[in-house]
Amino acid sequence: MAMQTMIINDSRAMRQFLEDIVNSYDDCEIMGSYFDATIALDDLKIKRPDVILLDLEMPKMDGITFLESLKNEKYPTIVVSNYASDGSEIVNDAMALGAIDSLKPPPSNSKEDFEDFKSLLHHKLVKASLKSQRYTLSN
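Under the numbering used here, the final residue of the sequence shown carries the number 143; numbering is consecutive throughout.
Hints were generated in silico from the structure; no laboratory data involved.
Some hints here could point you the wrong way.
To be verified - Straight line, CA to CA, 35 Å or less: simulated DSBU-like cross-link-like pairs of lysine-lysine:
#1 Lys115 x Lys131
#2 Lys64 x Lys108
#3 Lys122 x Lys78
#4 Lys128 x Lys115
#5 Lys115 x Lys49
#6 Lys115 x Lys75
#7 Lys64 x Lys128
#8 Lys64 x Lys75
#9 Lys122 x Lys135
#10 Lys75 x Lys131
#11 Lys49 x Lys135
#12 Lys51 x Lys128
#13 Lys131 x Lys78
#14 Lys128 x Lys78
#15 Lys122 x Lys75
#16 Lys108 x Lys135
#17 Lys122 x Lys108
#18 Lys135 x Lys51
#19 Lys122 x Lys64
#20 Lys51 x Lys122
#21 Lys78 x Lys51
#22 Lys78 x Lys135
Unchecked claim - Across the chosen pairs, the derived CB separations fall in these ranges:
#23 Arg16 x Thr69: 20 to 28 Å
#24 Glu119 x Glu72: 32 to 40 Å
#25 Asn76 x Asp120: 34 to 42 Å
#26 Asn76 x Asp47: 13 to 21 Å
#27 Leu124 x Ala17: 18 to 26 Å
#28 Thr42 x Glu93: 18 to 26 Å
Cβ atoms here follow ideal geometry from the backbone N, Cα and C, with glycine treated the same way.
Throw the hints in and build the complete structure from the sequences for me.
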């Protein structure tokens, strides 16, 4: 069964970039892609993704508020943001609210940076999906 992935990012270009990468993996599929975290939050009432890829800075509802709004729900979430660097306060806040990992977009459009990002994202998705399965199996 394919890993169900939800993308939440207000940038159309970044959403498309992530969709293209996730769709290139044989073991993943997009179950939803959202420019607005409030709409994604509403859809979580009926959908249960294995992994969420979340931006932090968005209008209407930012990533931190989104994570706070999940309350006690457990959705393995990977922050994909330019702020995703060691020691970033906003990423540390996201991790404290339940995000399990973070990843910075590629620094350039080079093939090498793209391939490195693609490989690392897949590794993080698989790792996050395993956490999702453990949560599902234990409840």
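These are the hints, each one checked on the structure:
| no. | hint | verdict |
| --- | --- | --- |
| 1 | Lys115 x Lys131 | holds, 24 Å |
| 2 | Lys64 x Lys108 | holds, 22 Å |
| 3 | Lys122 x Lys78 | holds, 25 Å |
| 4 | Lys128 x Lys115 | holds, 20 Å |
| 5 | Lys115 x Lys49 | violated, 38 Å |
| 6 | Lys115 x Lys75 | violated, 39 Å |
| 7 | Lys64 x Lys128 | holds, 27 Å |
| 8 | Lys64 x Lys75 | holds, 18 Å |
| 9 | Lys122 x Lys135 | holds, 20 Å |
| 10 | Lys75 x Lys131 | holds, 22 Å |
| 11 | Lys49 x Lys135 | holds, 20 Å |
| 12 | Lys51 x Lys128 | holds, 21 Å |
| 13 | Lys131 x Lys78 | holds, 15 Å |
| 14 | Lys128 x Lys78 | holds, 17 Å |
| 15 | Lys122 x Lys75 | holds, 30 Å |
| 16 | Lys108 x Lys135 | holds, 21 Å |
| 17 | Lys122 x Lys108 | holds, 11 Å |
| 18 | Lys135 x Lys51 | holds, 17 Å |
| 19 | Lys122 x Lys64 | holds, 29 Å |
| 20 | Lys51 x Lys122 | holds, 25 Å |
| 21 | Lys78 x Lys51 | holds, 13 Å |
| 22 | Lys78 x Lys135 | holds, 10 Å |
| 23 | Arg16 x Thr69: 20 to 28 Å | holds, 21 Å |
| 24 | Glu119 x Glu72: 32 to 40 Å | holds, 35 Å |
| 25 | Asn76 x Asp120: 34 to 42 Å | holds, 35 Å |
| 26 | Asn76 x Asp47: 13 to 21 Å | holds, 18 Å |
| 27 | Leu124 x Ala17: 18 to 26 Å | holds, 20 Å |
| 28 | Thr42 x Glu93: 18 to 26 Å | holds, 24 Å |
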